[in-house]
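*Asks:* Quick note, the sequences are listed as chains A and X, same order.
By the numbering used here, the letter at position 282 of the first sequence is numbered 282, and the numbering carries on one by one without gaps.
By the numbering used here, the letter at position 200 of the second sequence is numbered 200, and the numbering carries on one by one without gaps.
Keep in mind the hints are simulated off the structure, nothing from the lab.
Be careful, since some hints might not be right.
[As the list claims (entries may be wrong)] If you only want the chain A side, here are some residues facing chain X, beta carbon under 10 Å, derived: (1) A68; (2) G212; (3) G336.
Yeah, the Cβ is synthetic: ideal placement off N, Cα and C, and Gly gets one too.
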Amino acid sequence: MSTQTLAAPGTHSGAGARNLRFNPVTRVSGGLHLHAAADFGGTRTVSDAVAMATAFRGYEVILNGRDARDAVFISSRACGVCGNAHSTAGALAVEMACGVSPPPQGVVARNFLSAAECMIDHPSHLFLRAGPDYSEPVVRETSPELWSRAESTPAAGAAVHGFARVSDIMTALTRNSGFLYREALHMTRIARVAYVVIGGKYPHPQTITPGGLSSTVDTTDYNITLLRIVKYLDYSRKTVAVWDDIADFFYQADQRYGQVGAGPMNFIDLGLWDDPHTVGGPSGFGETRWSSPGAIVNGALQTTSVREIDAGVEEFVEHSFFENWSGGGYSHDAGGNPLSSRHPSNKQTIAQPGNPNPDGKYSWSTAARWQGHPMETGAQARMWATALARRPHGSFVESTGRSVRMNMPSGEMPANVLEWQAPQRWNAFERNRARAYALAQATLAAYETVVIGLDLARRGGSNARIFNPYKIPKDGVSGAGYWGGARGFVSHHMQIDGRVIENYQIVGPSTFSGSPRDAAGTPGPCEAAVMATPLVSSDPTEHGIDVLRAVRSFDLCMYCAAQ
Amino acid sequence: MSYEVGAFGGFVGATRRDDGKLVHVFWLSAMACDGCSVVALGANQPRIEELTLGEIPGLPQIVLHHPMLSEDAGAGFMQAYRAAADGTLNAPYILIMEGSIPDDQSLGGPGYYAAMGTGSDWPQSKGNVAAPDQPVKVSDWVWALAPGAEVCIAMGTCATWGGIPAAAGNITGSMGLTDYLGADYRSKRGLPVVNVPGCPPVGDNFTEVLKELLFYFEGGRGLPAFDELGRAVWQFGETVHRHCMKAGYYEEGVFAHEPGDNQCLVEIGCWGPVVQCNITERGAQDHTGGCMIAGGACIGCTMPGFPDKFSPFYKAPPGSAISGTTSRITGGAIRRLRRASMANANTEPLWDKAHEIPTAWGRAADVTNPVRKVNAFFYKKLQYSGSVNHAKRAKQQPLPLSRDILRQKGIDLEASVPVLQEHLITREEL
Chain A
1 MSTQTLAAPG THSGAGARNL RFNPVTRVSG GLHLHAAADF GGTRTVSDAV AMATAFRGYE
61 VILNGRDARD AVFISSRACG VCGNAHSTAG ALAVEMACGV SPPPQGVVAR NFLSAAECMI
121 DHPSHLFLRA GPDYSEPVVR ETSPELWSRA ESTPAAGAAV HGFARVSDIM TALTRNSGFL
181 YREALHMTRI ARVAYVVIGG KYPHPQTITP GGLSSTVDTT DYNITLLRIV KYLDYSRKTV
241 AVWDDIADFF YQADQRYGQV GAGPMNFIDL GLWDDPHTVG GPSGFGETRW SSPGAIVNGA
301 LQTTSVREID AGVEEFVEHS FFENWSGGGY SHDAGGNPLS SRHPSNKQTI AQPGNPNPDG
361 KYSWSTAARW QGHPMETGAQ ARMWATALAR RPHGSFVEST GRSVRMNMPS GEMPANVLEW
421 QAPQRWNAFE RNRARAYALA QATLAAYETV VIGLDLARRG GSNARIFNPY KIPKDGVSGA
481 GYWGGARGFV SHHMQIDGRV IENYQIVGPS TFSGSPRDAA GTPGPCEAAV MATPLVSSDP
541 TEHGIDVLRA VRSFDLCMYC AAQ
Chain X
1 MSYEVGAFGG FVGATRRDDG KLVHVFWLSA MACDGCSVVA LGANQPRIEE LTLGEIPGLP
61 QIVLHHPMLS EDAGAGFMQA YRAAADGTLN APYILIMEGS IPDDQSLGGP GYYAAMGTGS
121 DWPQSKGNVA APDQPVKVSD WVWALAPGAE VCIAMGTCAT WGGIPAAAGN ITGSMGLTDY
181 LGADYRSKRG LPVVNVPGCP PVGDNFTEVL KELLFYFEGG RGLPAFDELG RAVWQFGETV
241 HRHCMKAGYY EEGVFAHEPG DNQCLVEIGC WGPVVQCNIT ERGAQDHTGG CMIAGGACIG
301 CTMPGFPDKF SPFYKAPPGS AISGTTSRIT GGAIRRLRRA SMANANTEPL WDKAHEIPTA
361 WGRAADVTNP VRKVNAFFYK KLQYSGSVNH AKRAKQQPLP LSRDILRQKG IDLEASVPVL
421 QEHLITREEL
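So here's chain A without its partners, still in its complex pose:
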């Protein structure tokens, strides 16, 4: 057994010094071990943090040496929340290698499945994983000073969500028994029904294939989905109102809550929801996605080109349980952009298990960076990219350059506009708020795709075609799939020779967000957010609630981070 310890450098000393060791951090997906040095005494700060992915299954290695036709169904299983994103990215990679793209109905159905996945995952995160951190039992135990304030604070969104006071929202967020907790379970079941009508099953769809889908979608299928999606119009309005009220309450109670989980405004996303009319065209390739691709550094949009976004990606393993690799034959991508030897298409997966050591290797996740920057992924990155890209985004969503305006049709509640403004500060509360607005964005995407899909199904004939045939060439080819899950950025990179996979590489959203330090020693976004977090809550039991709120606001998926 190793004698190395996990005591992080820069540990506080003094009466309030504590090593916060969360193994596991519960209410995230996959295994996450977070170790932070905190001072519950004078400074009320966190001086160091390491985030460790604690499981490795070797999906990339398993894919190597398999028939290329296995890529979609095997890679889907890398993540049981983002299975749709992985199977789609796998299909896109094979399609690029074979030079085929799906017909419009295939694009529509894939768009729909991706939107439905968000409609399942966003409420699951907001109410099952993050929500309990703001619930009555947790607030009463970790910040009793806030509870009486919540009881006397009227909720601004009462007319929408139906809770008169902020304390009523907190009661409803209670794990298991709270109304919002149970409602989220109920609503995700509605979205699951819509998903499985076209995807066959969830979270690992059975109908996504290179060339499109094998779904036998007809008017009935779209009818079943449409009638479930419209239930989300009101639910989105309500979810937004709840998370607006939670953020505003904490800010007003104590300004320092604005520093919980604070981080630079660095975001990366490959975009979602291809325009069904332009996807195969010359300007296609992500440029017309309804949720724009985008790389944003310090709040400024750098590019919306999928190729440029991908070309800037590097993966580092200096602090990961992998050996560094050499070689890799790609100096440029197909668009002529230079690629680093650390680019996923040049990467080899060489596992090297060990005991974690913060100065050495400590995580099963690699450290993904974009042009050297740690980047955040997920619903929040989609909102930022869509807001800043200022391009058409489907029929219901407008981008103003600084905000996303969503024209919500009526449900039981009247039609209205939900507008997400890119905030001036970036922290745990803003991540959750952005995710709530992203639920509305996903709902509108699902609604619009189903309306288009219904039209194509009604027209029948070649319009209803959902699949284009493909043939995997015998000669060596390579391909990449750029897509996103509810958690955002997913890219798959494959090289095929003799119809067999030679090298398969997966970058998941949390390979960015939940990453360890990189070669330069720069912490990953979640690690940095924890270190920026002041211990604002009185937290008499030293539970570390502010740290946990910071971590959970990322909606991490450690299975995507470390496949």
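Chain X: place on chain A using the hints.
*Replies:* Same frame as chain A, but now just chain X:
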């Protein structure tokens, strides 16, 4: 019911029914993907919250310790695992395994493929497996918790049979729970591992088995029926093909040529006829979806041979060359006979009598076709023999006088007919 604020420690859970018994459920994830947890949350028969809140009469309330759901984190979360492994929980518990188990017990040096908790969370009564600040392997928790469990349920194909992490070329040496615990394993209640396969399983299959076992443990009921591999017989006793809504296509010898086609999917890689699964009967969610129902070919994800014995995907299983050809010959003949009978069923007795079908849709069969008439004649003979001949009775029925009322009234609507014809969608021959 009210929550207990002091229960935030996570040991008992935030809510507790006043009167009921408690059974703890410990969830372990190793070579997993969270997909099994995700389908468990989607289950409706019963729902996970009905179990955790104790809302089903006659069942104990379950206290679910789950890394993706539990309130408390780190040591606070692990203390119940520690107590259970230590034998000091003082309450019955069930162990749920998600994901396969890596062979990291046999790693030569330090490290792990899946870890949860640190050495300080580990009960010293079970020896020393990790330094206080070092991660504990999930494979350690499995051997420590399995013997004291009322029952171990392997949830999903990774935990049952190894699944994809155990596929050819893997470097983790992963295996299913039964392989890890060995043939001699029995739970505290004397049960071998109960298996709920699927990648992911139908969520209801899991919560239903859990509920049935809880009923059994309450006493007064027999053990639910499990097959020779520990699968629920009522869930996995049939092939998925038998309840497949595309099985009728197979019967009539018509097959999908490419993805997106409606017919039987065998020739685009469906293994349904040899796979034990109930997704075509139960649906994937609330009796909706299910692989082939949505057009997805079965790749055998519930079976011990998954994935390698079903690879490459999208390729027809070898056996289908014989069974498919046989079905084309016999099914093709049956299909043609059926279409002839169907044509007869597709006309009102009134139309037979009037020798016309009064519709502007214009695609209805020609009732005056002589072959059709001969067919119908013999069919009726057979159908009504030994009973009442309704065809004869219908003939004696007078034609309704107000039939074709618009023509009788002199209202001319012919203009709309050609427009309608243009919009007719031709459907492939049945």
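*Asks:* With reference to the structure, classify each hint as holding or not holding.
*Replies:* Checked hints:
no., hint, in the structure
1, A68, "8 Å, holds"
2, G212, "7 Å, holds"
3, G336, "34 Å, violated"
When held up to the earlier numbered hints, the structure conflicts with hint 3 and nothing else.
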